[in-house]
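J.: Go by the hints and put chain S onto chain X.
Here the protein sequences line up with chains X and S, keeping their order.
Residue numbers for the first sequence, in our numbering: 1 to 114.
Residue numbers for the second sequence, in our numbering: 1 to 112.
Please note: incorrect hints may appear among the correct ones.
[To be verified] Covered by chain X, according to a simulated footprint, are these stretches of chain S (three or more residues, beta-carbon under 8 angstroms): (1) 27-35; (2) 43-52; (3) 99-109.
[What the hints assert, rightly or not] Cut-off 25 angstroms, straight-line C-alpha distance, at most; resulting in silico cross-link-like pairs (PhoX-like, lysine-lysine): (4) S:K69 - S:K99; (5) S:K79 - S:K59; (6) S:K69 - S:K42; (7) S:K99 - X:K57; (8) S:K99 - S:K79; (9) S:K57 - S:K99; (10) S:K42 - S:K104; (11) X:K9 - S:K42; (12) S:K59 - S:K42; (13) S:K42 - S:K63; (14) S:K79 - S:K69; (15) S:K42 - X:K57; (16) X:K57 - S:K104; (17) S:K79 - X:K9; (18) S:K104 - S:K57.
The hints are simulated quantities; they were obtained by calculation from the structure and are not laboratory data.
Remember, it's a predicted structure, so these values are computed and weren't measured experimentally.
The beta carbon of each residue, even a glycine, is placed where N, CA and C say it ideally should be.
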Amino acid sequence: DSGVTQTPKHLITATGQRVTLRCSPRSGDLSVYWYQQSLDQGLQFLIQYYNGEERAKGNILERFSAQQFPDLHSELNLSSLELGDSALYFCASSVAAGQGYEQYFGPGTRLTVT
Amino acid sequence: EDQVTQSPEALRLQEGESSSLNCSYTVSGLRGLFWYRQDPGKGPEFLFTLYSAGEEKEKERLKATLTKKESFLHITAPKPEDSATYLCAVQEQRNRDDKIIFGKGTRLHILP
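Just chain X, same shape as in the assembly (with noise of 0.2 angstroms):
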């Protein structure tokens, strides 16, 4: 057990519905990343906040949103969704930023658009 929780497990919705994902960091953790990752696709670095803020963007559609509240717990909002958005998506937090720190990894959200 890495101690980042995510939920739900699993989601399942249909094409045009708007969806979100939580988060809960390790304890201490100040950074956290999110993650997609699809069989074609590998595993796909979404955005990074650390301590409330964006830190990092990486191939997010404008679609998918994000924000880390005070309490350091994460969301992430993916709208108008479609078949193709069907995938793991990983949430992982690290104890800062910056300096190769490790990420220790949530279990998922398997999101399934029908």
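T.: Frame of chain X, contents of chain S only:
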């Protein structure tokens, strides 16, 4: 374009048969190279961080090494429970960007 390439894509070994997995990378300055293990349907599990060429780290049957252009994950006398996908990832030396680039992984299957 920055890239992380892992080889082979898949590897089948007999129990006890040692081998190595390769991760080659091209980034403009390396802040850290990470190895993870991922079981099907689960989140990646952190194994090692390497920071500079010549560095080595060991954990049980696994040993990770780093050169200026690649890293190797050596597996000595593997057991069936070592079967998993092994992921390599690199973090670039940039001012504020902690972007992590993952390779597509090596699927390792150890036969009893």
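J.: Taking the hints in turn, state whether each one holds.
T.: To see whether the hints hold, each was checked on the structure:
1. 27-35: With 3 residues close enough to chain X, the hint holds.
2. 43-52: holds (count 6)
3. 99-109: holds (count 7)
4. S:K69 - S:K99: Given that 25 angstroms is the threshold and the Cα spacing comes to 19 angstroms, the pair holds.
5. S:K79 - S:K59: 14 angstroms, holds
6. S:K69 - S:K42: 29 angstroms, violated
7. S:K99 - X:K57: 8 angstroms, holds
8. S:K99 - S:K79: 33 angstroms, violated
9. S:K57 - S:K99: Measuring from Cα to Cα gives roughly 23 angstroms; hence the hint holds.
10. S:K42 - S:K104: 15 angstroms, holds
11. X:K9 - S:K42: Within the cut-off at roughly 11 angstroms; holds.
12. S:K59 - S:K42: Holds. K59 (chain S) to K42 (chain S) sits at ~21 angstroms (cutoff 25 angstroms).
13. S:K42 - S:K63: At roughly 23 angstroms apart (the allowed maximum being 25 angstroms), K63 (chain S) and K42 (chain S) satisfy the hint.
14. S:K79 - S:K69: Judged against 25 angstroms, a Cα distance of about 29 angstroms means the pair is violated.
15. S:K42 - X:K57: 24 angstroms, holds
16. X:K57 - S:K104: Holds. K57 (chain X) to K104 (chain S) sits at ~20 angstroms (cutoff 25 angstroms).
17. S:K79 - X:K9: Distance of about 30 angstroms is beyond 25 angstroms: violated.
18. S:K104 - S:K57: Holds, at about 22 angstroms.
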